[in-house]
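Chains A and B, in that order, give the protein sequences.
Under this note's numbering, the first residue of the first sequence is numbered 1, with each subsequent residue one higher.
Under this note's numbering, the first residue of the second sequence is numbered 354, with each subsequent residue one higher.
Treat the hints with caution; some may be incorrect.
Keeping only pairs whose Cα atoms sit at most 20 Å apart, straight-line, the calculated EDC-like set for lysine to aspartate or glutamate is [as the list claims (entries may be wrong)]:
#, chain 1, residue 1, chain 2, residue 2
1, B, K510, A, D256
2, A, K328, B, E498
3, A, K188, A, E199
4, B, K534, A, E31
5, A, K30, B, E533
6, B, K359, A, E263
7, B, K426, B, D486
8, A, K58, B, E527
9, A, K30, B, D535
10, A, K66, B, E498
11, A, K64, B, E498
12, A, K21, A, E41
13, A, K201, A, D160
14, A, K29, B, E533
15, A, K280, B, D566
16, B, K579, A, E161
17, B, K504, A, D256
18, B, K557, A, E31
19, A, K328, B, E533
20, A, K64, B, E527
Simulated from the structure, these hints should not be mistaken for laboratory data.
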Amino acid sequence: MKYAVIKKEDLNKWFEYLKKKARLYAPKKKENLYVFRPVKEVSEICLDYIPTVLPPKKYYFPQKEKLLKFSVQPFKTAKAIEEFEEFILLAVHTCDIAGIQCMDVVFRDGPEDPNYLNRKEKMTIIGIECLKYCDDKANCASMANHVPRGGYDLMMVDIDEKFILHINSEKGERLVKGVAYIKEASDKDMACLEHAREEKKKIFKEEFKASLSEVYESFDNNFNAKVWEDVGRRCVACGNCTAVCPTCYCFDVLDDMDLSLNEGLRYRIWNSCQMDDFAKVAGGEDFRKGRDLRQRHRYYRKFKYPVDKFNRYFCTGCGRCTRTCMAKISLIETVNALVEENAVSKKNTATAA
Amino acid sequence: MKKHSKPKVAFFDFTDCEGCQLQFANMGSALLELTELVDIVNFREIMSEAGEDYEVAFIEGSITTDNDVKRIKRIREKAKAIISLGACATIGGVNGIKNRSPLELAKQRVYGDKADTVNTIKTMPVHEVVKVDYFINGCPVYIPEVISVVKCVLMGKPYIVPNYAVCVECKMNENVCRYEKDQECLGPVTRAGCNSWCINYGNKCYGCRGLVDNPASAGQKDILLKYGITLDDILQRFTLYNDSMGEKYDKDLKQ
Ligand code: SF4
Ligand code: SF4
Ligand code: SF4
Ligand code: SF4
Ligand code: SF4
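The following block holds chain B by itself, in its conformation from the complex:
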């Protein structure tokens, strides 16, 4: 196969905790292998010099100000491929909680008497503002999936994010289900792709990858109600990472 010219890759962060970029820094040897394939020109967490010439842009974080909107549009003009990295960029993430109350109220709560000086808009995942070519869900992202996506980018192939439940991977790993131990878990409605990461380590699924396209809201609600979880709590669980879907689930769950 003809040698690929190394594409230049840049990382940009918006509203987030930078934990997903940190996952890259934590990759260890895989990161070195990746740098064989791509040229990282802008990555604040592991290098100091900033390059402004790039073909592939990893976007971390959600869009929450007018300035963010302008900035992401400029990046879109320049980048051949945009990759949304992590829950904030792909589905809005925890920042989406802001959308649950009127913007003015949210500003008041956070900034008090300085609220007027703050420019903020509702929280949006990146694809609500510009076209996104690849999605890497998760809070934080799961490194093996990151590598799969990078390979797809280099081969010019689409990456299909799984549209089945975390349970599918969880069962392949032969975990003892949380429900078998009288604990609840959001695995049945959450989009797979993390190899049931949290359950493998004894935790439960919190739904950080967002819900599958067509979650069984009614069925899941019945299951959780049996665990003594109130309807409001169920809604909060469904939307912890994905508030842009808040209204839909509000309707689905309360019917």
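One chain only, chain A, in its complex shape:
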């Protein structure tokens, strides 16, 4: 079975079933926004939500994560976490699944990251496809992440009274197999899916004013573009845009002794290029002193460096950085401004030649 269907009225029953299989995390309302949380009551699960404050990365790359236990006398080290628990991420948008794929590339690149890999192994991803935009901050169509492109175990698509479930792995299959109310999708269901996808094409349009390859070219050719001055002047270096980004993976490592002063834990904790001291080195030299240079770096880490290194864009299009910025710095506007500068500089070179 590759495609299954579940009636909407049976969803909560299925969610209860999932909850018994493993720890279940799903989106839930928090004030006027949404967050992923462990599911206590299935009635709290929100399937219709805009991207959560933090992406689900907090479950495979936690904000503060134990790496190692140690004692000083006698000197000993041991694993900080003996066993990682099975968990299911429910209702993950396709943009956030792209985020997981990016992290996967980074943490599998040698030297492999054991903590991430241990968690990833225990993770089951149930996606949900957006059939309309979350809001106007998203740029997922430009990044081609508005549609499922793998990286999940199951994908849910709303077809009115039912959800289609695309079964994409054995792990996923185990969660639908033998469940009486989940049936194989009929030809009619598949036609509904086709129809939903056709309708979706009318809604989702590339949000950048240029193709992705032109965007790449704009980054490649205009390292000293003016747009960074403006962004740098407005940015307050709060670090929100990097914290909420599903593909930011920088961390710091610190040792914390307990009160015995003999035993302690080594942690890693999120860190980011937007912090003032991030690029300071011994001797006090700072090779990204201004907020303009730091913001530029953040964008290059999405649209240029990872493309060169991993052949992958590291912006998923989730729009979180724009949503969270109190200085109202918009990723779409910034990229478009850069594209324009590129067009002008190309024209100038052409006339000069």
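For chain A, the structure is supplied; the task is to place chain B with the ligands on it using the hints.
Frame of chain A; chain B with the ligands shown alone:
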């Protein structure tokens, strides 16, 4: 590891509300664990006998009289380590408001016709008078940070006060940002270390830990202006706890 001999610790207060010392008294079981590690010899709020023999001195409060200057210098001579405790000691605190007007005027306002009998000087954080080894910012101090600092003192390691914004911790706690709810907040320019204490409880950040080394004054000003806050109010927010920086921000913000 060889057992540490318990260092003797004393608390002294200068110009302040004693709220930070009260935080110690509020520690509960952590305080008992701490007393396993250190000997508290002078702590008016939780014990009566006063010891005069100490190695580590916690200083609460800012320096505001000639007598304070003499007293803190005597403590410095005796203590191996001095720890500034709380906003008043680390950055001047609310007492710094005094520095906004000429000293004579401030005296007149507060003491009226008794002004002449009062000895007072401008408000100073402790490190403006003597060398300070450790800083615990905040109004009041945040207990988990206090414990981290005490551990550093015992291990003879420096404690690095964070130089990034409260927002960094706030986002890790996945709070809904005040700005998302059309309220303003000083988190983007305020030094972290309190684990975004106030926002976690539904309040906003008032900047009690002082501003980061290099706050984005211009950017923050633009944001606050959009919230209908006047330039004077912005300046007051920036300097509520840290008036010793008043002139700098005055210049930064008004350019
Ligand atoms: S969220 Fe906005 S203000 Fe904060 S660091 Fe990012 S760009 Fe700068
Ligand atoms: S750069 Fe912004 S839009 Fe792109 S993945 Fe990160 S948070 Fe989302
Ligand atoms: S950014 Fe696109 S894929 Fe992500 S939630 Fe919004 S509409 Fe869905
Ligand atoms: S609530 Fe305040 S501290 Fe938290 S992210 Fe928003 S501005 Fe920063
Ligand atoms: S959130 Fe702001 S006001 Fe509250 S304790 Fe932290 S620094 Fe002080």
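(message) Hinted pair, alpha-carbon criterion (20 Å max): B/K426, B/D486. Please report holds or violated.
(response) This hinted pair holds, its Cα atoms lying about 14 Å apart.
(message) Run the distance test for A/K201 versus A/D160: straight-line Cα separation, threshold 20 Å.
(response) holds, 18 Å
(request) Decide if the proposed pair is consistent with the structure: A/K328 and B/E533, CA atoms, cutoff 20 Å inclusive. (result) Holds. A/K328 to B/E533 sits at ~11 Å (cutoff 20 Å).
(request) For the pair supplied as a hint, A/K188 and A/E199, confirm whether the alpha-carbon distance does not exceed 20 Å. (result) holds, 17 Å
(request) Would you mind confirming whether the straight-line C-alpha gap from A/K29 to B/E533 stays at or under 20 Å? (result) Holds, because 14 Å separates the two Cα atoms, which is no more than 20 Å.
(request) For the pair supplied as a hint, A/K64 and B/E527, confirm whether the alpha-carbon distance does not exceed 20 Å. (result) With Cα atoms ~13 Å apart, A/K64 and B/E527 stay inside 20 Å; holds.
(request) Take a quick look at whether B/K359 and A/E263 sit within 20 Å of each other, Cα to Cα. (result) Holds: B/K359 and A/E263 sit about 18 Å apart, inside 20 Å.
(message) Against the 20 Å threshold, does the CA-CA distance of A/K66 and B/E498 hold or violate the hint?
(response) Status holds; Cα separation ~19 Å.
(message) What's the verdict on A/K64 and B/E498, does the C-alpha distance respect the 20 Å limit or exceed it?
(response) At roughly 16 Å apart (the allowed maximum being 20 Å), B/E498 and A/K64 satisfy the hint.
(request) Would you check the hint for B/K579 and A/E161, treating anything up to 20 Å between C-alpha atoms as holding? (result) violated, 45 Å
(message) Need the status of pair B/K510, A/D256: alpha-carbon distance at most 20 Å?
(response) Since the Cα atoms of B/K510 and A/D256 sit roughly 12 Å apart, the hinted pair holds (cutoff 20 Å).
(request) Take a quick look at whether A/K30 and B/E533 sit within 20 Å of each other, Cα to Cα. (result) holds, 12 Å
Hint violations for this structure: numbers 2, 16, all remaining hints satisfied.
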